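Top to bottom, those sequences are chains A and B. Its first residue numbered 10, the first sequence is counted upward by one per residue in the working numbering. Its first residue numbered 10, the second sequence is counted upward by one per residue in the working numbering.
Check each hint, because a few of them may be wrong.
Heads up, incomplete: computed chain A residues facing chain B, CB under 8 angstroms, no partners named [what the hints assert, rightly or not]:
1. V40
2. I75
3. D88
4. V96
Here are some chain A residues the structure puts well away from chain B; computed CB gaps all over 12 angstroms [claimed, not checked]:
5. D22
6. S24
7. E26
8. E27
9. G37
10. S50
11. P51
12. P52
13. D57
14. W60
15. G69
16. A101
17. P105
18. G106
Just so you know, these hints were derived from the structure itself, not from any lab. Bear in mind that the values here come from a model prediction, so they are computed numbers and not experimental data. By construction, the Cβ of each residue, glycine as well, lies at the ideal position given by its N, Cα and C atoms.
Protein chains: 2
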Amino acid sequence: MVRVGNFFADLPDASGEEITQLLAAFPGARVERIVSQGQASPPDFWYDQAWAEWVVVLSGAAELLIEGEAAPRRLRPGDYLEIPAHVRHRVAWTDPGQPTIWLAVHGE
Amino acid sequence: MVRVGNFFADLPDASGEEITQLLAAFPGARVERIVSQGQASPPDFWYDQAWAEWVVVLSGAAELLIEGEAAPRRLRPGDYLEIPAHVRHRVAWTDPGQPTIWLAVHGE
Numbered sequence: 010m011v012r013v014g015n016f017f018a019d020l021p022d023a024s025g026e027e028i029t030q031l032l033a034a035f036p037g038a039r040v041e042r043i044v045s046q047g048q049a050s051p052p053d054f055w056y057d058q059a060w061a062e063w064v065v066v067l068s069g070a071a072e073l074l075i076e077g078e079a080a081p082r083r084l085r086p087g088d089y090l091e092i093p094a095h096v097r098h099r100v101a102w103t104d105p106g107q108p109t110i111w112l113a114v115h116g117e
Numbered sequence: 010m011v012r013v014g015n016f017f018a019d020l021p022d023a024s025g026e027e028i029t030q031l032l033a034a035f036p037g038a039r040v041e042r043i044v045s046q047g048q049a050s051p052p053d054f055w056y057d058q059a060w061a062e063w064v065v066v067l068s069g070a071a072e073l074l075i076e077g078e079a080a081p082r083r084l085r086p087g088d089y090l091e092i093p094a095h096v097r098h099r100v101a102w103t104d105p106g107q108p109t110i111w112l113a114v115h116g117e
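All chains should be modelled from the sequences, with the hints used to inform the complete structure.
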C-alpha cells in the first residue's frame, strides 16, 4: 500500500542513454528520477510542456537553457528550478564523467 | 518567471521547532522542504491527509510510523515513501543531533 525505495539506490547505467523512471504517480503529480551521463537535448530540441515542472539536481552537474536567456544555468547538487507550463527549455550539457541524478515533479 | 534556489542552502534553524517551507505550488502539486531536528509528532497525533504524498529524506535520519505497521520505518538519505490519501502516519523520531531535511510532494 505504501510504496518505498531509495532514490540513490539501484542506479541504472546511463552512459549509453538518459534513463527516466517513474517513482510515483498520483492525482495531481508524477515524480520521476532521471539519470543522465553526458547526454544533452538534441540540437534545436526544446521541451515545451503543457504542465509545470519542478526539477532538482541531486547528484552530478548539468546545464539547463531556458529559452530567451543568454546562457545556460549551471546546476549543482541541490539546485532546483520551477519551470512554468510552456516555458521552453533544453538540457545543454550533463557531466560525462559521473551520473547526474534529477528529481522531477510534473504537475497537471 | 523561472523560480530557482538550492534545496540545501539557507537552512533554517530547526532546533526549536520543525520548519516547513513551500518551494513550489502549481496546478496539481505542492513541493515543500521540511527541516526537523529532534521533533516527532505529538503522542497519538496522526497525519490523515485527503491527498497523496511522496516524501524523501535527503539528509539526516528519521522514523516514520504507518498506522497498522508493527514498527516505525527508519529513513536514511534517499529513502522515500509514497503515502496514499488517508493512510495515517506519524513521525516517530528525528535525529536530534543534525538537521533532517525532507522533500515532500503533495498531490491534490
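Say whether it holds or is violated: S50/A keeps its Cβ farther than 12 angstroms from all Cβ of chain B.
holds (17 angstroms)
12 angstroms cut-off, C-beta based - P51/A kept clear of every residue in chain B
With a cut-off of 12 angstroms, P51/A remains clear of chain B, as the shortest Cβ separation is near 22 angstroms.
Distal placement of D22/A relative to chain B, Cβ over 12 angstroms:
Holds, since 18 angstroms exceeds 12 angstroms.
In terms of Cβ atoms, is chain B entirely out of 12 angstroms range of E27/A?
holds (20 angstroms)
Verify that the Cβ of G106/A lies farther than 12 angstroms from every Cβ atom of chain B, and report whether the claim holds or is violated.
At about 21 angstroms from chain B, G106/A clears the 12 angstroms cut-off, so the statement holds.
Go through the hint on D88/A and say holds or violated, using the shortest Cβ distance to chain B against 8 angstroms.
Status holds, d = 5 angstroms.
12 angstroms cut-off, C-beta based - E26/A kept clear of every residue in chain B:
Consistent with the label, E26/A stays out of reach of chain B, its closest Cβ about 23 angstroms off (over 12 angstroms).
For S24/A, is the shortest CB-to-CB distance to chain B above 12 angstroms, so the non-interface label stands?
holds (21 angstroms)
Going by Cβ atoms, does D57/A stay more than 12 angstroms from chain B at every point?
Label holds. Min Cβ-Cβ 14 angstroms, cutoff 12 angstroms.
Far enough from chain B: is every CB of that chain over 12 angstroms from the CB of G69/A?
holds (14 angstroms)
Decide, holds or violated, for the assertion that all CB atoms of chain B are farther than 12 angstroms from the CB of P105/A.
holds (23 angstroms)
Mind verifying the non-interface call on A101/A? Its CB should be farther than 12 angstroms from each CB in chain B.
Since the minimum Cβ distance to chain B is about 15 angstroms, A101/A lies beyond 12 angstroms and the statement holds.
Consistency with the previously given hints fails for numbers 9, 14, ordered from lowest to highest.
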